[in-house]
Each structure stands twice: as structure tokens, then as C-alpha cells.
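J.: Next come the chains, spelled out residue by residue.
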Amino acid sequence: MVAASRYPTEPLKLWKKAKELREQYYANYARAHDKGGLRWSGSAWALDAIPTAFGDDVYPLTGEPYAAAISADHKFAKQCMDAAESVGFARDLCSYMRIYWGGMHLNKYLFGGEYPKPDFIFQTQICCSHSKWYQHVARTEKVPEFYLDVSVGPYKDLTEERLNYVASQLHEGIEFVEKATGRKCDDERLIRAVKNEMRSAVLWAEICQFNKAVPAPLDEKTMYSLYVLATLHKSSQWCVDFYEELRDEVKDRVARGIAAVPNERCRIMTDSQPPWAFLKIFRYLESFGAVSIGSLYTFGLTGIWETKPDGSWGPRTLPWEKGAEMRTREQVLRLHADWTLAKPMFQGFFDPQIKTEMMKTVVKEWKVDGVMLHLNRGCEGSSMGIMENRLGLASSGIPVMSYEGNMGDDREFDEVRSQARVDAFMEQLGLRQLTV
Amino acid sequence: MITAGIDMGSRSIKIVLLEDIQVEGAPQIKYDMKKPYLMMPGDLDLDQAAEIAFDNACKEAGVSRERVNKVVSTGAGRRQVGFAADSVTEMTAGAKGAVYVFPNAKTVVDVGAEEGRGIKADASGKATDFAGNEKCAAGAGSFAEAMSRALQLTLKEFGEASLRSDKTIPMNAQCTVFAESEVVSLIHANTPKEDIAKAVLDAVASRVCAMVRRVGIERDVVLIGGMVHSVGFVSSLKQAMDVEELLLPEYPEYVAALGCALLAAETH
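From first to last, the protein sequence lines are chains A and B.
Quick note on numbering: the numbering used here labels position 240 of the first sequence as 240, and the sequence is numbered without any gaps.
Position in the second sequence (from 1) plus 436 gives the number in the numbering used here.
Just chain A, with the same shape it has in the complex (with noise of 0.2 Å):
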């Protein structure tokens, strides 16, 4: 039996044309050395205009979305951590490193053929993972590497010193890729992947912004699809266009009150990565008429956002909307650092304290019931300071659940378990299963 619907609902117009950019993405840099390109590894949160300075053909293989698009393959990934295993890596490690690790040992691309090695390495680090993730890597691979610091506190704290400490490692990074490519970094075209980086993630902060509307447009599993794109290559011109295109279906279906979940009557968010081979979670949340509208996670971790004069969050005012010059290197890079640092998932590594308030904002402004926390073990940088995150949250009245897992590795997650939590949970907030 399944429970009549309350909102209209339709698919997402835009879902086939996502998944074909991602396959492009992942072909592309497959297949870079073909016609002369080049290829570069890093983190998804990698300042990644500055390699796409260099050429359209110079093309980026994150390490997190593309470990976790192994994930959802159960038996290829479990091959991939048990290569890493074999290596001499410990198992409590980050999963998305062990399996890229694991891929890298051996030899094979989720894609069909050969892992394509790396021209270079262009990484930041804001956890120890990130580090020696490429480190290894590189080492392995033996191609020359780059390591952004950008761990100088929370940006409610930052001084001219630590903006200028990142922006100078900026002008290193553009030296370092000069060197590992043999080509001279354009300036024009720096300006514009700055530009187009900034304007990707406002621009799906805009897209979450709309999932304040009750029913939600967009529900996250489906948001995960799409917020991908810009873990992929947030410097792009294709991923700027794509993301123009989302924001103005998003919006028609806000306007006509289209769901995500037809069912909608009670709101979720969670935080930290999901256990991507159990995303079917989610689908068991919407028979309870619940929806995950989203979570810091998916707003923050390529979204950047300010408040607003009225008090409310909003996507961060593009420093040339007001009047910031954008002409030179030195203004460009700058900006670049003072905008990337502003991160909101940045924050939850210096103190849980700043991503508790941001989390409290999302409920409050996003019409949140209630709260799920994955105890992430894959990953040290999003679940710390989660617990005391929940007690930040449940302090101030919000209905928080936990469950353990692991975002890559699906030996750690118990399926059972934690449907039982989340029937406990749907109980807490007073609902009962729509469809049986």
C-alpha cells in the first residue's frame, strides 16, 4: 500500500545531463594524454583554478568523489581496500584514501583499463589524511607534488597574516605547476577560473538555498548527484554553466511546488558523507513522509555562504559585486584565498562550537525536525567534534539520532542497526511508516 501523495512531483529535468558531465569528467581525464593534455590529482578541496590556468586540457582527478563513485561498487572496493591492507595500511584510516590507494596498487580505473597516473600533484591540507593521501601517491608514482596549507583557524578569525601566509603559498602553487608542466600560467584565463570558482559555489548555495521551501524541490540523496559536480571541478566553465541551468529548474519547481519527496511531512538533515553503498537509507526515511533536505555537508562543502543583513544565510556576495578589482595576480589570488577559507566545512575543524551555530541555522532556517548524525569512521575531519555537535544541537531542543558507519569502507556499517535506529528516531519525531 502506499500513501497518497500531498505535492505533485516530477523528476528532475537535469538528472541525465549530471550524470553524462560526470562521465565526461572521469573519460576526459582518462583519456587527457591522447591529444597532448595533462593530468593532475588532488583533494576536492583543492584551490583547483589555479591548474586550470594552465589549458583547457589540463584535467583534475579528485581523490573523494572519485573513491567514493568506487564505494557504490561493493566488490571492486573491497578489492581496493584489501590492496591497500596488503600495502601495510591500517584499516581505521581514512577509507576514501585506502581505497583510492587501493585502486592506485592495483592498477585499475572504476572506469575500464589502466589507473591513470597523475602528470602532477596539486593537494591542500586541511586533515592529516590529505597530506599523506598524495604524499604516497606521488612517492608511488613518483611525480611531483604541491601541499597547500590551509589550516590557519576559523575564518571569523582571520588576520592579514594568515590570509597573506595562504595567498604567497598561492603564488608557490602557480610556480610549482609552471615547473611540473613546462607551460606559463595564463593570467587571463586565472582570472576567469577564480571567477568561475566563485560563481560555482554560489551558485549551488543558491540551488540549496531554494530547499528552504516547504515541500523541498530537492531531496539529498539526489543533491549528492548533483553538489558532486563541483567536487569534481568547481573552476569550470562547464560546471558554472551546468550549475546556471540547475539553479533556474530548481527555482521553476519552487515556484510551481514541485516535491522531492511527494510525502513530505517531516524534514531531516544529516551531516558528514553518507554511507554511499547504503544510500537506500534515504529512501527508507521518505516512507515515513521524511525528507533530508540536505546538511552542512552537501551546502558547505563546495557552497560558500554569509549572513545576510536580515539575519538569515545566504550565498556569500562575489567579491566583484562589491567592487573588489579583479585584475591583476596578486588581487586575484588574494581573493581566492580569502573566499576559500570561508568554507563552511572548514570551520567544524577548528572548533565544533562554529559548525554547531551553522548546523542550528540550517534547522531553523530550512524547517528542520530533526537531525542525523553519522558517526562517520571513515572520515576524521567531518565527524570531529560530532558529539559534541549533538549535544550542541540536542541542548537547544532539536531531536539529533546517531549512527555509525563508514562512508567508504560498508564493513562498518550494520544496515540493520541502523534502520532500527532510524524507526526509533521516526518514533522520537511521532511518525509512522506511510508505505508498507
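None of these hints come from the bench; they were simulated from the model.
Keep in mind it's a predicted model, so treat the numbers as computed, not measured.
Hints should not be assumed to be uniformly reliable.
No more than 25 Å apart at the CA atoms, straight line, and that leaves these computed lysine-lysine pairs for DSS-like [stated by the list, open to error]: (1) A:Lys308 <-> A:Lys360; (2) A:Lys343 <-> A:Lys251; (3) A:Lys367 <-> B:Lys562; (4) A:Lys117 <-> A:Lys221; (5) A:Lys364 <-> B:Lys562; (6) A:Lys364 <-> A:Lys75.
Based on these hints, arrange chain B on the given structure of chain A.
T.: For chain B alone, coordinates are given in the frame of chain A:
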């Protein structure tokens, strides 16, 4: 009206039959709790085990099945009870039952065979927050049971033995298997049984307490579930939670079933 609550636990089935007693002028309905019935499931066929247990419970109570107006189930196998009109989680059932038995209860600690949990309850018996152990059973009864077997004691003897110890031996292992190897090491080191028993029960209490702290420890605190029968565990838990009193129901393993029977009565 007669209602029933059935708790399909991982080890045993617990059933409570309730008959409401209308007392004129009384502020609330009183319930007469029929004799509880407990059985071990004979096989893995939970549907059949539930049927047999319910039949036997009705016979014990002298009530025909037809007279039971509504059945609500809980426990790990709650969805296997074909004759139940509804099912609820252990959190909802435990909070409801505990607050009925102890109306001032605000924190309910439930330690069963495979799971331990902390529940925050409001005055109506609604669970408002909860925390439970995850994949490890080291904060649950089966762990204490396994360790008592290693010492060749019954669970009751194990609990009593721990009270004779004044030692504090830390057990650091985070899972049953490794904890057992710690116990074996203590045995080989000629550590007295009572000291080992106390170390084990302190460790279980410490893990349970850490879970309960997640929801906050607010008086009155009630302990339900089979581990109430271990006097040593009760003592260890009181100490770990730093509370003077832990309220203990007369039939601790039937509280969740009682909660179900109450919910059945309220919703019939």
C-alpha cells in the same frame, strides 16, 4: 478491555497481559498486570515462537486469545509477530513501561542481552531522546554472560562475586572478543574471580554509562532489562553514573512488554 504487549527480544520472548480497572473518581485508569510469561524461542522461526508464547501466556493468565483486544509488539523481532496490530521500537516501549512503573522517571537505562541503551523520557512516558550501543555487544548482557562462563560461574554468582571485591582493574578492550582475552590473561595471572567479575561488570557499566551520558543523566533513573538481576552490575552502574539510587522494577525484563500493552490500551 484486555491488551497485550509482546517483547520479541534477541534471547527471549516476554509477554504482558493487562486488564484495565475502572475505579470511579480515580485520576487515571489502573491496570492489572497478569502473570508475566517468559519463554526461550525453541527455534529460529520467530512467527511460530511468538504464536506459542502468546498461547501459553493466555493460558497462564486464564484469558482466551479472543478476549485480547489489541496486541502491540517490540524488540528485535517485533515485525515477526503476525497477530500484533502494531509494533514500536524498544525505546518507545521501554520509556512507556518505565514511566508507568516509576512516574517520576526521567532517564531509563535498558540493558538487555544484545543491546544497551539510554532513553530520556517525558512525564507521559514518551521517549524524547535515546542512545544505544552500536556494533559491539561489550555494553550488554551477553558480554557479562560470556565472561561469567569463562569463570565457570552463573550470571547470578558472577554478580554476587563482584560485590566481594574492592579492587579496580581496568578493562580497556572495546569488543567482547578482545575483552575475553583480557579476562583469560587475568585468570592466568591468578587474579581472584571476584576481582575479575568486578572488572568485567565495571567495564560494562562504564560503556552503558557513556551511552546514557549522551542523552543526559537526570533523576529519577530507572534500570530495566535482564541485567537488573545482576547485583554486581547494579552496584557498578550506580558508581559509574554517580547516582545514589537506581530504581529497579520488580519485573525488569517485562517493562518493554508492559509499555507495549499500555500503548495498546491507549490506542485501542
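J.: Compare the structure with each hint and give your call.
T.: Checked hints:
1. Of the pairs offered as hints, the one joining lysine 308 of chain A and lysine 360 of chain A holds, with about 16 Å between alpha carbons and a cut-off of 25 Å not exceeded.
2. At most 25 Å may separate the alpha-carbon atoms for a hinted pair to count; lysine 343 of chain A and lysine 251 of chain A meet this at roughly 24 Å.
3. Proximity of lysine 367 of chain A to lysine 562 of chain B is assessed by CA-CA distance (about 23 Å); at most 25 Å being required, the pair is judged to hold.
4. Restraint check for lysine 117 of chain A and lysine 221 of chain A: not satisfied, since their Cα atoms lie roughly 31 Å apart, outside the 25 Å limit.
5. This hinted pair checks out: lysine 364 of chain A and lysine 562 of chain B have alpha carbons roughly 24 Å apart, not beyond 25 Å.
6. Restraint check for lysine 364 of chain A and lysine 75 of chain A: not satisfied, since their Cα atoms lie roughly 41 Å apart, outside the 25 Å limit.
Going through the hint list in order, the structure does not satisfy hints 4 and 6.
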